[in-house]
Amino acid sequence: MTISRLRALGLSTLLVLGGCADGLPTTNDEGLIPVDAETLEVLLPFDLFATDFGVFAGFGSQADLPGALIAHEYEGELDSNGLIRFGALPAFITVPPPQGGPAQIDSAFVPVSGVVTLFFDSLSVRGPVPIELELSATETPWDLRTASWTHAADTLGGPVEWPEAGGGDARVLWTGEWSGTPGDSLIVEVDSLTVSEWADTSRADRGLRIRTTTAGSRVRMSFAQLQVNVATEVNPDTLVAVLAQGIQTTFIYTPEPALSTSAFQIGGAPSRRATFRIELPATLQGDAAICQRIQCPFALTADRLLYAGLELTTHGVEPRAFQPLDTLTFDIRPVLSPDRLPRSPLGSPVQALGRRIGPEAFVPGGGQVVEIPMTRYVRDVMNRSEPGATPTPNTISILSLVEPTTFEFASFFGPGTSSPPRLRLILTLSEGLTLP
Amino acid sequence: MTPSFLCSNSGGRPVSVAGSVAVALLLVLTPGALEAQSLLGTGGLGIPSEALDARSRALGGVGVGLSGWQLLPNDPGSTGGLFLPSITLTMQPASVSVNGAESAGRTRFPVVAVSYPYRNVIFSVQFGSFLEQEWEARTERTIAIGDEQVLATDVFESKGGVGVARFGAGYRIIPTLAVGANVGTYIGALERRFIRELDPVAVGPDVEPYAIRGRWRSSGTTVAVGVAWDPSPLFRLGATVTHSGDLEMSPVGETAGEARKYPIPLEYRAGGTFSLTPGVALALGASYADWSETGAAMTDTETRAGTWTYGGGVELAGVSLRERRIPFRLGVREQQLPFHFQGAESSERSYSAGFGIHVADAEDVPVARFELSLERGSRSAGALSEEFWRTTLSIRLAGG
Chain A
1 MTISRLRALG
11 LSTLLVLGGC
21 ADGLPTTNDE
31 GLIPVDAETL
41 EVLLPFDLFA
51 TDFGVFAGFG
61 SQADLPGALI
71 AHEYEGELDS
81 NGLIRFGALP
91 AFITVPPPQG
101 GPAQIDSAFV
111 PVSGVVTLFF
121 DSLSVRGPVP
131 IELELSATET
141 PWDLRTASWT
151 HAADTLGGPV
161 EWPEAGGGDA
171 RVLWTGEWSG
181 TPGDSLIVEV
191 DSLTVSEWAD
201 TSRADRGLRI
211 RTTTAGSRVR
221 MSFAQLQVNV
231 ATEVNPDTLV
241 AVLAQGIQTT
251 FIYTPEPALS
261 TSAFQIGGAP
271 SRRATFRIEL
281 PATLQGDAAI
291 CQRIQCPFAL
301 TADRLLYAGL
311 ELTTHGVEPR
321 AFQPLDTLTF
331 DIRPVLSPDR
341 LPRSPLGSPV
351 QALGRRIGPE
361 AFVPGGGQVV
371 EIPMTRYVRD
381 VMNRSEPGAT
391 PTPNTISILS
401 LVEPTTFEFA
411 SFFGPGTSSP
421 PRLRLILTLS
431 EGLTLP
Chain B
1001 MTPSFLCSNS
1011 GGRPVSVAGS
1021 VAVALLLVLT
1031 PGALEAQSLL
1041 GTGGLGIPSE
1051 ALDARSRALG
1061 GVGVGLSGWQ
1071 LLPNDPGSTG
1081 GLFLPSITLT
1091 MQPASVSVNG
1101 AESAGRTRFP
1111 VVAVSYPYRN
1121 VIFSVQFGSF
1131 LEQEWEARTE
1141 RTIAIGDEQV
1151 LATDVFESKG
1161 GVGVARFGAG
1171 YRIIPTLAVG
1181 ANVGTYIGAL
1191 ERRFIRELDP
1201 VAVGPDVEPY
1211 AIRGRWRSSG
1221 TTVAVGVAWD
1231 PSPLFRLGAT
1241 VTHSGDLEMS
1251 PVGETAGEAR
1261 KYPIPLEYRA
1271 GGTFSLTPGV
1281 ALALGASYAD
1291 WSETGAAMTD
1301 TETRAGTWTY
1311 GGGVELAGVS
1321 LRERRIPFRL
1331 GVREQQLPFH
1341 FQGAESSERS
1351 YSAGFGIHVA
1361 DAEDVPVARF
1371 ELSLERGSRS
1381 AGALSEEFWR
1391 TTLSIRLAGG
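Sequence lines, in order, name chains A and B.
All residue numbers for the first sequence refer to our numbering, where the first residue is 1 and numbers rise by one.
All residue numbers for the second sequence refer to our numbering, where the first residue is 1001 and numbers rise by one.
To be clear, the hints were calculated from the coordinates, so they are not data collected in a lab.
Predicted model only: the values in this text are computed from it and were never measured.
Note that CB positions come from ideal geometry on N, CA and C, so glycine has one too.
Covered stretches of chain B, going by a simulated chain A footprint (3 or more residues, C-beta under 8 Å): (1) 1132–1138; (2) 1198–1210.
From the derived model, a few chain B residues whose C-beta atoms are all more than 10 Å from chain A: (3) Glu1050; (4) Pro1117; (5) Val1179; (6) Thr1221; (7) Ala1239; (8) Arg1304; (9) Ser1380.
Full structure from sequences and hints, please.
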């Protein structure tokens, strides 16, 4: 056997032996664990960890939502009219001449009539059907993003009221019923005057208002389309159908829910946010049950924190017409510049995917406790005064994950109520690791 | 000067030490280095992990008084005869089964040493193991979280141990008598970790585990002096006395607390090899240390007042294969462990067998040897019993 062979043998042996069982001998004798740890739950009342509570509104616009909400005396109080502004007609059309030959371009075509097609979300229908609808042409200049029930615009130059609340003294184009049947769209013919007005994109008063006169009803118009029949000199005997390019929708509603001073209002369109500052106590005095297990008071430190969740109790939304009809997703974000509230920039979400809460939590009576985990953020807040630590903003906003997501908003019991928010903490306390 | 680590055997090709270095690197880089395993490590500073090579293990001794010249941290006297630059590497895969449960284990490296002769003095650098705390405790308990009873899993993990880095010198006064000494410092770190995890089904996935960690670095000095004497060609006697200062464990990084000091006792080792017949040698050895002062410095652990380790074995000349001698060895060893386990005294007994392959020797100095031993042993303390298999593989190379 040569030396090299012996070396190979030795090396192989090493490799084989080196691959032996890997692991630590393990016992299940808890008496061998030299750590005395106590895990407990602490529920901090709102006034013990939070200050400067407030609710702010005005984030986003109902124009950001798809479609438009149409309602009349829904839940006895909500009126909502849809407003649609159609886009421009094509700059030119291509028409084959009657005598034959190549098609010719015509940019001087003249609208002579039109057809409006409206699509409704049958799943969103509430209240009686069929629904009586009225389509009108607006005659007052209005602004898509700032129009409200009372104001046609509230932007540069100051607020401008509608001549008549709810969209002004509009020119009625059509009245009739929509069946409420799934897949049933509404097709309405429009005269040449109206179509010409809508085709003139320089006019700020152009628009279609949709409202219902059926008391207690509510439906969402999901999409609209305007087809315009135009006459062309290239072929005077022919009408050419063109589509208006693009559509802008919004809706204006009344009443405007009041901002609460005692409830967390979150969501809606425009959106609402609840904001407060977290100031955690340095020590906690546990209740009798806790103090039987550990020495009280005890320090509240980041290394002891296993979990932190904000407990909120739902209550029915007022006015009831604003009660959520679908699942809402909530988000907690740190407020980066509290001095600039309500327009402060916000930090990254405390929880990546948000907290989803179903609409049943907000039925009258409410009372469902929901919890939004925020462990890592609370730990950062605890550590914010540590030397060298990046100060984590300790003011947070609770808001809709996307603003706005729905017209409806959520409401939770706030401070000073019968079920104020609480911070639920799970802590583990130990004396740490020591040597023998 | 860079030593030329080249060896040769009669008629064979040169043995490049590059191969040895590769092996050494493999040893050093293999995961799990300097780790071992026993639940008895839960007591005090851990379980002793003696820096012994495969031959010492196979012969059941304490690493002192074995025939020939070797590079062992506990036998500084026997380095005096190593007139060639040498390197010794020992690896030790082991598995332990506690009370018949599933076995666990890792590989450790109890001895890594090199020597170099200069003007009749043999200087050496040695790394050896000393104490180990490699164990884990895992329990489940029910905890009240609010109104709910929640299952919690507690895991305590101890890793690491204490080793010794030594610088030594040996000198052969006369052909039959050598003396040596080494001075060393404790090295290594102990890491302890406690994790409590609540049942995510009960508390939700957002509740994080509770985890705390501590790490302590060891330091302190130790000095050993030894003698190796061949009163006749048939006998080898050896003895070593090791004096240590306090072993200091200092917290590292964010670990809380102050450094702790533990007195390490004076240790006596003695042994001898006796040729019974031309092909049969008997090796015996014993060591003693009084750990009572160490116990007094600890808050929750008792120690034996005096701990003995003794054992012996037989080395048979074995066979020769292509002019290479292959000796066989058998041994038995009894060791009293210094730290009590849950108030009970603990001890270890092992039976061993092994062999060597003497690839090349120069006079009485090994040039290229592989040694292998296999031990089957048990440890016990009160109700706890462990059984273990321990393999030790040593490679000894020398050249010049």
